[in-house]
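Protein chains: 2
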Amino acid sequence: MKPLILVTNDDGIGASGIRALIEVAQQFGEVLVVAPDSPQSGQGHAITLEHPLRLYKVNIFEGIDSYECSGTPVDCVKMAKHVLVKDRKIDLCISGINHGSNSSINIIYSGTMSAAMEASIEKIPSIGFSLLDYHMGADFSAAKHYATEIIKLVLERGMQNTLLLNVNIPKLPLSEIKGSRICRQAEGHWAEEFIPNTDPTGRPYYWLSGKFTCADAGEDTDIWALENGYVSIVPSMHDLTAYAAIPMMKYLDL
Amino acid sequence: MKPLILVTNDDGIGASGIRALIEVAQQFGEVLVVAPDSPQSGQGHAITLEHPLRLYKVNIFEGIDSYECSGTPVDCVKMAKHVLVKDRKIDLCISGINHGSNSSINIIYSGTMSAAMEASIEKIPSIGFSLLDYHMGADFSAAKHYATEIIKLVLERGMQNTLLLNVNIPKLPLSEIKGSRICRQAEGHWAEEFIPNTDPTGRPYYWLSGKFTCADAGEDTDIWALENGYVSIVPSMHDLTAYAAIPMMKYLDL
Numbered sequence: 001m002k003p004l005i006l007v008t009n010d011d012g013i014g015a016s017g018i019r020a021l022i023e024v025a026q027q028f029g030e031v032l033v034v035a036p037d038s039p040q041s042g043q044g045h046a047i048t049l050e051h052p053l054r055l056y057k058v059n060i061f062e063g064i065d066s067y068e069c070s071g072t073p074v075d076c077v078k079m080a081k082h083v084l085v086k087d088r089k090i091d092l093c094i095s096g097i098n099h100g101s102n103s104s105i106n107i108i109y110s111g112t113m114s115a116a117m118e119a120s121i122e123k124i125p126s127i128g129f130s131l132l133d134y135h136m137g138a139d140f141s142a143a144k145h146y147a148t149e150i151i152k153l154v155l156e157r158g159m160q161n162t163l164l165l166n167v168n169i170p171k172l173p174l175s176e177i178k179g180s181r182i183c184r185q186a187e188g189h190w191a192e193e194f195i196p197n198t199d200p201t202g203r204p205y206y207w208l209s210g211k212f213t214c215a216d217a218g219e220d221t222d223i224w225a226l227e228n229g230y231v232s233i234v235p236s237m238h239d240l241t242a243y244a245a246i247p248m249m250k251y252l253d254l
Numbered sequence: 001m002k003p004l005i006l007v008t009n010d011d012g013i014g015a016s017g018i019r020a021l022i023e024v025a026q027q028f029g030e031v032l033v034v035a036p037d038s039p040q041s042g043q044g045h046a047i048t049l050e051h052p053l054r055l056y057k058v059n060i061f062e063g064i065d066s067y068e069c070s071g072t073p074v075d076c077v078k079m080a081k082h083v084l085v086k087d088r089k090i091d092l093c094i095s096g097i098n099h100g101s102n103s104s105i106n107i108i109y110s111g112t113m114s115a116a117m118e119a120s121i122e123k124i125p126s127i128g129f130s131l132l133d134y135h136m137g138a139d140f141s142a143a144k145h146y147a148t149e150i151i152k153l154v155l156e157r158g159m160q161n162t163l164l165l166n167v168n169i170p171k172l173p174l175s176e177i178k179g180s181r182i183c184r185q186a187e188g189h190w191a192e193e194f195i196p197n198t199d200p201t202g203r204p205y206y207w208l209s210g211k212f213t214c215a216d217a218g219e220d221t222d223i224w225a226l227e228n229g230y231v232s233i234v235p236s237m238h239d240l241t242a243y244a245a246i247p248m249m250k251y252l253d254l
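These protein sequence lines are chains C and H, in that order. So the first sequence is numbered by this note's numbering: it starts at 1 and just counts up by one. So the second sequence is numbered by this note's numbering: it starts at 1 and just counts up by one.
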């Protein structure tokens with residue numbers, strides 16, 4: 001039987017990035033699409049507990065079993081697994097191709113990467129793909145090339161089922177990309193600004209803005225790879241335990 | 001100068017758990033409260049990008065500088081740091097006391113723990129506290145006892161500023177709690193069910209439900225500690241790199 005590949009994203013089912021990823025996935029197996037019905041950027045690992053969820057079959061991608069879901073990217077993975085697929089094994093979950101970077105700390109805010117993480121919690125090997133180009137009309141051809149190579153190798157060689165890969169592709173023509181690198185997550189953060197304003201009734205509000213900053217100069221990071229023309233691949237996990245800190249924190253064994 | 005302690009949560013500024021935590025924090029320093037104006041359970045690391053945010057000063061806790069925010073727990077930490085405090089250092093961020101467990105994989109779905117994680121990204125040492133009792137009228141006295149001891153020690157001995165601690169307190173009277181244990185995060189997941197139903201217009205919907213399951217039998221996990229009458233403390237981090245997997249994934253260096 002051909003592998004079953006679940007495709008999702010956080011930009012919504014209408015984004016061009018998910019269409020690019022579906023075209024890649026079709027080469028390798030049976031494709032199931034469950035994606036949000038609206039943009040869900042920055043939703044992180046949010047799940048919908050306080051509201052009901054809608055799940056509708058849609059006819060957007062020719063010959064592909066596709067659903068739009070009213071929830072978050074993580075809800076999409078949960079619904080795919082527990083409502084649609086149930087007892088059959090999902091062999092791979094791929095998420096994206098995101099319009100914009102999910103390198104460094106952005107893995108944590110990203111709905112695209114949180115969907116991949118949710119799959120890893122369900123013991124489904126998973127990969128999130130992001131292109132460093134926010135434009136809705138971005139050129140996904142180099143990203144599709146690398147997604148094809150990476151998915152092919154992961155399906156052939158296998159991957160620990162609690163892992164997720166965070167793949168970011170630089171905004172460069174394929175001919176200028178030097179290759180791909182296995183990296184660690186760079187230590188960065190957002191230097192936020194909240195733009196203050198007042199609404200038509202005179203009440204104050206703030207709008208989140210900011211600039212990503214990274215003081216981590218390591219040459220083994222995803223940020224270094226991307227700045228130097230490589231595709232970055234960070235093997236990531238949902239076990240957040242800081243194992244190295246356990247001996248140091250023993251003073252809290254009370 | 002007394003340490004500046006930021007207090008937040010995900011159950012909302014009206015929850016009794018945050019009041020308990022503020023009472024603990026007051027013993028140790030100057031307290032600033034920035035908490036969501038409505039319940040935000042399951043919001044994970046979501047941030048608000050598509051909408052403006054409201055931030056209002058409130059007069060709920062006597063003598064405590066307090067604000068309610070219309071966003072997620074992570075938004076609350078960002079607004080505290082970048083709108084309210086700005087250049088002064090926040091010495092500690094504490095989040096909770098959550099009404100219900102955040103052990104094992106729940107750290108990832110939890111707004112309480114994501115607020116603590118956001119503080120760690122901002123290099124503010126942080127601790128999330130959760131009591132294994134979902135009732136709004138839960139008895140927080142044992143949780144307050146352990147929160148006091150843990151905060152005291154962390155302020156005295158210091159903690160790496162990129163760490164967060166995930167502290168869970170069993171639903172037991174203080175006299176029956178055996179102590180606290182430094183643990184790793186148990187490998188568990190939610191066996192979800194989506195309850196199907198139809199709305200008044202006849203359209204189908206689903207409501208997320210589920211049961212936490214954990215096949216990880218290790219005696220060094222948070223789940224083991226809690227089931228055996230201990231407070232669990234998991235030192236956690238926002239670097240999600242699966243370092244052990246890096247050599248295994250070198251086949252993707254293309």
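Possibly wrong hints are sitting among the right ones.
Because identical chains cannot be distinguished in the list, a pair is counted as satisfied if it fits within a single copy or across any two copies.
Stated by the list, open to error - Below, computed lysine-lysine pairings styled on DSS-like, alpha-carbon distance capped at 30 Å:
| id | residue 1 | residue 2 |
| --- | --- | --- |
| 1 | Lys171 | Lys250 |
| 2 | Lys152 | Lys211 |
| 3 | Lys89 | Lys211 |
| 4 | Lys171 | Lys2 |
| 5 | Lys250 | Lys57 |
| 6 | Lys178 | Lys2 |
| 7 | Lys178 | Lys89 |
| 8 | Lys81 | Lys57 |
| 9 | Lys2 | Lys86 |
| 10 | Lys89 | Lys171 |
| 11 | Lys250 | Lys178 |
| 12 | Lys171 | Lys86 |
| 13 | Lys57 | Lys211 |
| 14 | Lys81 | Lys171 |
| 15 | Lys211 | Lys81 |
Keep in mind the hints are simulated off the structure, nothing from the lab. Quantities reported herein were computed from a predicted structural model and do not represent experimental measurements.
Structure-based check of all given hints:
1. Taking CA atoms no more than 30 Å apart as the test, Lys171 paired with Lys250 passes between copies only; the shortest distance there is 23 Å, against 46 Å inside one copy.
2. Taking identical chains as interchangeable, the C-alpha atoms of Lys152 and Lys211 are never at most 30 Å apart, the minima being 35 Å within one chain and 35 Å between chains.
3. Taking identical chains as interchangeable, the C-alpha atoms of Lys89 and Lys211 lie at most 30 Å apart only when they sit on different chains, with a minimum of 20 Å there against 41 Å within one chain.
4. Taking the closest pair of Cα atoms, Lys171 and Lys2 never come within 30 Å of each other, the shortest separation being 32 Å inside a single copy and 48 Å across copies.
5. For a Cα distance limit of 30 Å, the shortest separation of Lys250 from Lys57 qualifies neither inside one copy, at 52 Å, nor across copies, at 39 Å.
6. Proximity of Lys178 and Lys2 under a CA criterion of 30 Å is satisfied in neither setting, with 32 Å inside one chain copy and 52 Å between copies.
7. In this assembly of identical chains, Lys178 and Lys89 lie within 30 Å of each other by CA distance neither inside one copy nor across copies; the values are 35 Å within and 42 Å between.
8. For the identical chains of this complex, Lys81 and Lys57 are intra-copy neighbours only, at 15 Å inside a copy versus 43 Å across copies, given an alpha-carbon limit of 30 Å.
9. For the homomeric pair Lys2 and Lys86, the shortest alpha-carbon distance inside one copy (17 Å) is at most 30 Å, but the shortest distance between copies (55 Å) is not.
10. In this assembly of identical chains, the alpha carbons of Lys89 and Lys171 never lie at most 30 Å apart, being 35 Å within a copy and 37 Å across copies at closest.
11. In this homomeric assembly, Lys250 and Lys178 come within 30 Å of each other (Cα to Cα) only across copies, at 16 Å, whereas the closest approach inside a single copy is 45 Å.
12. Taking the shortest alpha-carbon separations for Lys171 and Lys86, neither the intra-copy value of 38 Å nor the inter-copy value of 34 Å comes in at or below 30 Å.
13. For a Cα distance limit of 30 Å, the shortest separation of Lys57 from Lys211 across copies, 27 Å, qualifies, whereas the shortest one inside one copy, 38 Å, does not.
14. In this assembly of identical chains, Lys81 and Lys171 lie within 30 Å of each other by CA distance neither inside one copy nor across copies; the values are 33 Å within and 32 Å between.
15. Taking identical chains as interchangeable, the C-alpha atoms of Lys211 and Lys81 lie at most 30 Å apart only when they sit on different chains, with a minimum of 15 Å there against 36 Å within one chain.
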